[in-house]
Amino acid sequence: MRRLIASGSRQGNILAIALATLVVAYLAWKVTESPSQSVQFAFNGLSVGAVYALLAMGFTLVYSTVWFFDLYYGAAAAIGAYSVFYLRSKEAIGGLYQVQNPVVNVLFAAVVAGVVAWALYEILWPRLRGRVSQRGMYGIVAAAGAAAGVYSGLVFTYTDNIHLLFGPVAGLAIGVIVALGVREALQRLTGDEGGRVAAYVSAAVGMAVAVVAAALIAGTPETKLYLSWAVSCLLAGCVGLGIYRGLYVTLRQRARSPLVMLVASMGILLAISAAITIVFESAPRPLPDAFGSRPLEIAGGNIKGFNFFTVGVSLVGFAGLLWLLQRTSFGRSVRAIGDDEDVSKVVGINTTVVIAIVFFIGAVFAAMAGILSGHDTAIQPRMGLLLLLKGWIASVVGGIGNLYGALVGGFALGMVEQFGIWDLAGEWKDVISFVVLILFLSFWPKGLLPRK
Amino acid sequence: MATNTPETTEEGRRPGLIPRLANGNVELWANLIVLVWVIAFVLWQGVGFAITIGTVFAIWAILAVSLNLVIGFTGLLSVAHIGFFGIGAYSVAILTSKTDYSLLRTEGIPTYELPFFAALPVGIALAGLTALVVGVVFNRFRDDVFVLVSFGFAIISFNLFLNARAITRGAFGIHDVARPVIGTRVLDGELEFLVMALVCLALVSALAWFIVTSSFGRVLTAIREDEQAASVFGYQVTHYKLAIWVISAMMAAVAGGLFSSWTSFIDPNSFILLESILLVSIVILGGLATIWGSLLGAMTFVLLEEGMRFIPFLPDVYVGQARQVVLGVMLVLLMLFRPQGLLGRYRL
Amino acid sequence: MTQVPARDAEHYALGTVGVSKNFGGVQALHRLSISIPKGQITCVIGPNGSGKSTLINILSGVLPMDSGMVIVDGVGLRTVHPYETPDLGITRTFQDVRLFNQISVMDNIMVVLTERKLWPSLFQRSKSEHRQRAEQVLRDVGMWDKRDAMAEDLSYGQRKLLEMARAMALDVNIYLFDEPFAGLFPQMLVRVKDILKQLRAREKSILFISHNMEIVRELSDHLIVMDSGELLVEGDVDEVLAKQEVIEAYLGA
Chain A
1 MRRLIASGSR QGNILAIALA TLVVAYLAWK VTESPSQSVQ FAFNGLSVGA
51 VYALLAMGFT LVYSTVWFFD LYYGAAAAIG AYSVFYLRSK EAIGGLYQVQ
101 NPVVNVLFAA VVAGVVAWAL YEILWPRLRG RVSQRGMYGI VAAAGAAAGV
151 YSGLVFTYTD NIHLLFGPVA GLAIGVIVAL GVREALQRLT GDEGGRVAAY
201 VSAAVGMAVA VVAAALIAGT PETKLYLSWA VSCLLAGCVG LGIYRGLYVT
251 LRQRARSPLV MLVASMGILL AISAAITIVF ESAPRPLPDA FGSRPLEIAG
301 GNIKGFNFFT VGVSLVGFAG LLWLLQRTSF GRSVRAIGDD EDVSKVVGIN
351 TTVVIAIVFF IGAVFAAMAG ILSGHDTAIQ PRMGLLLLLK GWIASVVGGI
401 GNLYGALVGG FALGMVEQFG IWDLAGEWKD VISFVVLILF LSFWPKGLLP
451 RK
Chain B
1001 MATNTPETTE EGRRPGLIPR LANGNVELWA NLIVLVWVIA FVLWQGVGFA
1051 ITIGTVFAIW AILAVSLNLV IGFTGLLSVA HIGFFGIGAY SVAILTSKTD
1101 YSLLRTEGIP TYELPFFAAL PVGIALAGLT ALVVGVVFNR FRDDVFVLVS
1151 FGFAIISFNL FLNARAITRG AFGIHDVARP VIGTRVLDGE LEFLVMALVC
1201 LALVSALAWF IVTSSFGRVL TAIREDEQAA SVFGYQVTHY KLAIWVISAM
1251 MAAVAGGLFS SWTSFIDPNS FILLESILLV SIVILGGLAT IWGSLLGAMT
1301 FVLLEEGMRF IPFLPDVYVG QARQVVLGVM LVLLMLFRPQ GLLGRYRL
Chain C
2001 MTQVPARDAE HYALGTVGVS KNFGGVQALH RLSISIPKGQ ITCVIGPNGS
2051 GKSTLINILS GVLPMDSGMV IVDGVGLRTV HPYETPDLGI TRTFQDVRLF
2101 NQISVMDNIM VVLTERKLWP SLFQRSKSEH RQRAEQVLRD VGMWDKRDAM
2151 AEDLSYGQRK LLEMARAMAL DVNIYLFDEP FAGLFPQMLV RVKDILKQLR
2201 AREKSILFIS HNMEIVRELS DHLIVMDSGE LLVEGDVDEV LAKQEVIEAY
2251 LGA
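Residue numbers (the numbering used here), protein chains in the order written: chain A, 1 to 452; chain B, 1001 to 1348; chain C, 2001 to 2253.
With the rest of the complex left out, here is chain A:
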């Protein structure tokens, strides 16, 4: 592989160890000096670190598959956060900044329609080839895409009734996941691969769960915010997938270096953040409260329920991604593509589809991180770039291309940032992050947990 960075020297190692010792000594001194305050800083570090970890996971997943830095990733975070704001603008601070824009709705609907049509085509065509004519296939796909477009347009237009409109879909999704889980469990228990009983039982359980869940969600208007999160993540994912399929596939065939991809994605980031400013104006906006804002007091430090949730999301995201990458055939394909894309193509992996899904997942992670950090502070059209850079730094700190590294790096960066501003003021936290980055690149270019 191309050597990205010159490796550190012997003197560099000594210097690095000295530096690390200094940091640990400083921390120890701080903690003994004021234990309760250090608990508070640790809580802050955890909740910030959880967001960084989420960002780093998605970033490292995309990077270690296609080996170029995709700056759209930052825009995905902004899209996610702003989409929540768009869907819930009536509830945020009493509907002071209501947004409802038909152009935006149509645009989003078009993206969803395109992605659904493409996905259906990729799924159905290999199975129906020979039975349906090419033209007939296009017809089916176009109709399904149009239906999905109209549906998502409705979701975006009637944001107040999102629980009625999107609830059934969410219920269905839950049902499918439960059904798959049940089938997996039954097959493990009986040792009967592809057995009929397992299939019937799991289908029945799944359907029941789906119906109940759909009814419950549709009947509870309080779920609107959480449904908006799901819609926003899906939307950011769809945009990411669309950009990959519509642009990056062609561009990667022509590009001579990863820098071409980087510049192109920089263009996308520029365009999307400017478009967000045009629709939402550039002032910072709050997102509505999630889970109330009264903090809990633990060991002398205050922490909001939402911050626990943030940490939980990043851990669940990590577990899910780990399972996906290590236990499924999809994960094997992703790793194969990361090792050698051309060989993967030759051995029959549909690289375009696999990478498209990787981009979808990456964008979903970015959007989730954007939403969580938006709830924690506020959202701004330029937030994407900074979040992207933090995710980038966290994955370098953790060891780029390593999922465990992304988790560790994210939390480590969050902690360092928060403890770093103890004696400095809060506005220096970005400086601290970049100093950490430059130190890591100089002394430990492979990060804390290097990719094997």
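It is worth saying that the hints were derived from the structure and are not from the lab.
Bear in mind that the values here come from a model prediction, so they are computed numbers and not experimental data.
Ideal Cβ placement from N, Cα and C applies to all residues, glycine included.
Keep in mind that the hints are not guaranteed to be accurate.
To be verified - Calculated cross-link-like contacts (lysine to aspartate or glutamate; reagent style EDC-like; alpha-carbon spacing at most 20 Å):
{"hint": "1", "chain 1": "A", "residue 1": "K446", "chain 2": "B", "residue 2": "D1226"}
{"hint": "2", "chain 1": "A", "residue 1": "K304", "chain 2": "A", "residue 2": "D289"}
{"hint": "3", "chain 1": "C", "residue 1": "K2127", "chain 2": "C", "residue 2": "E2115"}
{"hint": "4", "chain 1": "A", "residue 1": "K446", "chain 2": "B", "residue 2": "D1143"}
{"hint": "5", "chain 1": "C", "residue 1": "K2117", "chain 2": "B", "residue 2": "E1227"}
{"hint": "6", "chain 1": "A", "residue 1": "K304", "chain 2": "A", "residue 2": "D376"}
{"hint": "7", "chain 1": "A", "residue 1": "K446", "chain 2": "A", "residue 2": "D339"}
{"hint": "8", "chain 1": "C", "residue 1": "K2197", "chain 2": "C", "residue 2": "D2140"}
{"hint": "9", "chain 1": "C", "residue 1": "K2038", "chain 2": "C", "residue 2": "D2073"}
{"hint": "10", "chain 1": "C", "residue 1": "K2117", "chain 2": "B", "residue 2": "D1144"}
{"hint": "11", "chain 1": "B", "residue 1": "K1098", "chain 2": "B", "residue 2": "D1267"}
{"hint": "12", "chain 1": "C", "residue 1": "K2038", "chain 2": "C", "residue 2": "E2234"}
What the hints assert, rightly or not - Pairwise CB distance ranges, derived in the manner of DEER restraints:
{"hint": "13", "chain 1": "C", "residue 1": "G2235", "chain 2": "A", "residue 2": "V343", "range": "50 to 58 Å"}
{"hint": "14", "chain 1": "B", "residue 1": "V1186", "chain 2": "A", "residue 2": "E33", "range": "51 to 59 Å"}
{"hint": "15", "chain 1": "B", "residue 1": "S1264", "chain 2": "A", "residue 2": "T32", "range": "50 to 58 Å"}
Claimed, not checked - Sample of chain C residues facing chain B (criterion: CB under 10 Å; computed from the structure):
{"hint": "16", "residue": "G2074"}
{"hint": "17", "residue": "H2081"}
{"hint": "18", "residue": "P2086"}
{"hint": "19", "residue": "I2090"}
{"hint": "20", "residue": "T2091"}
{"hint": "21", "residue": "Q2095"}
{"hint": "22", "residue": "I2103"}
{"hint": "23", "residue": "N2108"}
{"hint": "24", "residue": "M2110"}
{"hint": "25", "residue": "T2114"}
{"hint": "26", "residue": "L2118"}
{"hint": "27", "residue": "S2128"}
{"hint": "28", "residue": "H2130"}
{"hint": "29", "residue": "W2144"}
{"hint": "30", "residue": "R2147"}
{"hint": "31", "residue": "A2151"}
Got chain A; can you put chains B and C on it based on the hints?
Here is chains B and C on its own, set in the frame of chain A:
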């Protein structure tokens, strides 16, 4: 991809202007369109506004030319230049400002009241020194990692401008930045300042031209293509990269000094990361490894904002944003069809 | 920089003493000691992965050695910086032809001819003597009519030739060629052979890597056989090729 228009016919003569245009020669078309655009703009908006726009152009063009030395000729995709621009701007602002802070309620900073031409060299030297230190650290990084650390420098310098309130007054900004004085004549008028900015642009461009046509320039292109091979032929590539990095940073500081003197007020908002990304897109749009291209890119960028006013139903507040959307789309299209930019000599 | 007296400084242009190189646990070179006679063509043969390219990379300073010493003209060097090699009288080509792709053929040659020091190079324009030398080099390899083409637009054979021309533009004593004959058409082969012979006629010392035994027999005076990072045998080409172990380890396989 490059257009495959033959530059010379079989007899070895260059074909005439019209045939080359008819063949779709992108470079000629780009020059022609921008020229027509400039003329149309001057006729439409009047000379007065054209002078203002001209000054903006000169400042962006100095930045673009200096950045092209780094990106186009040396192959280091840097987003850091806004930091050096800011160092130049703040140096001139702090050293020349005459604001009496006792009248203002906000916190003050020391005033030095130096003339512009004494402050500018200080700014240039400071930018050069910073670049030297930063360059020593950055020299080992390449490609995407270099982009990341240069992002870092841009953000760190922005945070310094914003948070080192004892020096920069943070978000309050610095007022009353002095205009240049030549002899006893204060360059107060817009036209006079434009002339001075253009003279600076000419000097910077000439210097850049001198550099890239020398043996030094050829070595830079060799380093861009293959650092290791260049070093095997006897060049200490780190020294060369450091030298062009420092020179380029000093040029950016010139632009910064002009900018702060021209607007007479600066605050950190002029030095955000976004401006740096816009600058990179100007350089790529105009063309990599060509000085004329950078001038053209800066002109396009400046005129694009005015062009945006033709879009129906677009409120004036969003003209800048609309330009950003167009630039972003242009970057994508360029990467697809012409990765060297309009007049470029080097493809990323 | 340690200086030690080397054996036979007047006969040998270049050599290594106990050079080792490790790549993350893989021993690429293990205590390799070889010598390259002055004014002769030396060939290195050995199976893939036997450390031939690593040897050239260490001799030209592209890779640092873990231990051992490189001996140039009787002077032992513990470290070789790549930018020192022209002063040491060494130049090289690369296995995966590495030209300065997006500049012209002429400039590819000019780069090697012009001022090495940073400050003077800023004030140096293309001098006519450099142009003449570049023209002569390009005419020698028959590429003068391609002088304005971009290096990346050349065919593989032309690129290979240009890379050799770029090395030859430097008037040094030792030329290291990493697989100069790989992937060439017969006509090109003849041309490259001629280049090597011309260099020998000018009393230059040459080291090249090849897998083509016919060429090795035809051209080389001195032969080095390597296997998994170690020297198998070294000596006069006819003697070495007659040895049983060489035939078994390399030729017979």
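**Prompt:** Is K446 (chain A) close enough to D1226 (chain B), meaning Cα to Cα at most 20 Å?
**Reply:** violated (24 Å)
**Asked** How about Q2095 (chain C): closest beta carbon in chain B under 10 Å, or not?
**Response** At 12 Å from the nearest chain B Cβ, Q2095 (chain C) fails the 10 Å test, so the hint is violated.
**Asked** Are the Cα positions of K2038 (chain C) and D2073 (chain C) separated by 20 Å at most?
**Response** holds (9 Å)
**Message:** Take the shortest C-beta to C-beta distance between I2103 (chain C) and chain B; is it under 10 Å?
**Reply:** holds (5 Å)
**Prompt:** Between G2235 (chain C) and V343 (chain A), does the beta-carbon spacing fit 50 to 58 Å?
**Reply:** violated (42 Å)
**Prompt:** Going by Cβ atoms only, is L2118 (chain C) closer than 10 Å to chain B?
**Reply:** The hint holds - L2118 (chain C) has a Cβ within 10 Å of chain B, the shortest such distance being about 5 Å.
**Asked** Would the pair K304 (chain A) and D376 (chain A) pass a check requiring their Cα atoms to be no farther apart than 20 Å?
**Response** OK: K304 (chain A) and D376 (chain A) at ~10 Å, within 20 Å.
**Prompt:** Can the restraint linking K2117 (chain C) and D1144 (chain B) be considered satisfied, given a maximum Cα separation of 20 Å?
**Reply:** Between K2117 (chain C) and D1144 (chain B) the Cα gap is close to 29 Å, so the pair fails against 20 Å, i.e. violated.
**Prompt:** Would the stated hint for T2114 (chain C) survive a check requiring a Cβ distance to chain B of less than 10 Å?
**Reply:** holds (4 Å)
**Agreement of hint N2108 (chain C) with chain B interface, Cβ distance less than 10 Å** = holds (8 Å)
**Request:** Can you let me know if the beta-carbon spacing of V1186 (chain B) and E33 (chain A) is within 51 to 59 Å?
**Result:** Check passed, 56 Å falls within 51 to 59 Å.
**Per-residue hint verdict: W2144 (chain C), partner chain B, C-beta under 10 Å** = violated (15 Å)
In this structure, the hints that do not hold are numbers 1, 10, 13, 16, 21, 27, 29, 30, in rising order.
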